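Protein sequences, first through last, are from chains C and F. Taking this note's numbering as reference, the numbering of the first sequence is continuous, increasing by one, and the terminal residue is 199. Taking this note's numbering as reference, the numbering of the second sequence is continuous, increasing by one, and the terminal residue is 199.
These aren't lab readings, by the way, just hints derived from the structure by calculation. Wrong hints could be hidden among the right ones.
Think about it this way: if two alpha-carbon atoms lie no more than 27 Å apart in a straight line, the pair counts; the simulated BS3-like pairs of lysine-lysine are [unchecked claim]:
| # | chain 1 | residue 1 | chain 2 | residue 2 |
| --- | --- | --- | --- | --- |
| 1 | C | K152 | F | K32 |
| 2 | F | K173 | C | K32 |
| 3 | F | K53 | F | K32 |
| 4 | F | K53 | C | K53 |
In this text, all values refer to a predicted model and were calculated from it rather than measured experimentally.
Protein chains: 2
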Amino acid sequence: MTDAKAMDTRQRLLAAGERLFRTQGYAGTGLKELTEVAGAPWGSLYHFFPGGKEQLGAEVMRYAGALYARGIAATFMRFTDPAEAAERMFLSEASVLSASDYRDGCPIASVTLDIASTSEDLRAACAEAFASWLQTIAAGLAAAGAPDETAKALAGFILSALEGAIVLARAAKNPAVLLQSARFVRAAVEREAEGWTSR
Amino acid sequence: MTDAKAMDTRQRLLAAGERLFRTQGYAGTGLKELTEVAGAPWGSLYHFFPGGKEQLGAEVMRYAGALYARGIAATFMRFTDPAEAAERMFLSEASVLSASDYRDGCPIASVTLDIASTSEDLRAACAEAFASWLQTIAAGLAAAGAPDETAKALAGFILSALEGAIVLARAAKNPAVLLQSARFVRAAVEREAEGWTSR
DNA sequence: GTCTATAATACGATAGAC
DNA sequence: GTCTATCGTATTATAGAC
């Protein structure tokens, strides 16, 4: 099937974008390098993404956004205690970072800091990815009994702490700040949850 | 005085680096653009920074690191209640972001995500800048009575939440997440501080 | 319709004029 | 000893061969 193969290279380009953007950022990643990593011929990039780098970037944001949102949802499904689920997000990220020698950060954050001020389309794509994660976290909190407004605010706080801890951990090449933040975030969620639990 | 003028252009180059890196990142900033913004001739860059872009980047990290550390110290000096001081850091950043239409983020974070995996020298310079901020925050907490270990951990948590909130706020072009996180961080500090206050 | 070869440009870095 | 003009390279994008 020619369609299946086409989808495959397209998918490989998106996956390569996700991998490279999270380690090098958007501006620091060349399209030549990207096609090489994807094992795709040079011309295929403009075949699948006629809009060039900017279109590819935006679609990588959507791809990575959906990918990670599934992971967050799975975590909140697996750990029904929202405080534990939140803590697990930090611990899981600590594993990813140390396993990759602190290379594999967050692709959305990297691209955001690179282009938030220069490309409105890409910025909007980043915002949408973050929004979907916030919505996923908030849904997990709401499932545990959090009122809607509390769930939204708490989700913003959890994701902020996580994203910031990733930045600090990568700079220091040390997971300590992730583990520290995990404890405080867990405590904060527990404290909030006291208000929801009926008993 | 020729020395004074030389220091001036050098300083202007550093200041331009700080401004451009925080909006565009390291890889996204061209040296030509940087010298133009600094109002400095092209050649002066390699006169003052023979090591080229990488040396300039590292020195900008030191410059911005020291600059912001003074601001953090001033905040903890002005607001002796550490919970309020922490909250003020978030509110102040919200002002900076909305005043700059969400362009002026954190230069250290931007550079970290761009080059943590590609330049060891720059990564170390970023780590040192963050470490000085953490130390400043921890000192402010310790001055309010926090035990050393608690102060260090809490400082990591506060700065993580702040850095992450900046990223999310810039993507969304919305300060809400900064204000939300401010509340939770303030509550967390207050809760911890219950253990220190003698009365 | 896929891909190779190439164009046009911007980059970081250098060398030589003043 | 400052700065302007230029080099080589790498970038994004295109155009034409199969």
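Quiz item: Looking back at the numbered hints, which does the structure fail to meet, lowest number first?
Solution: 1, 2
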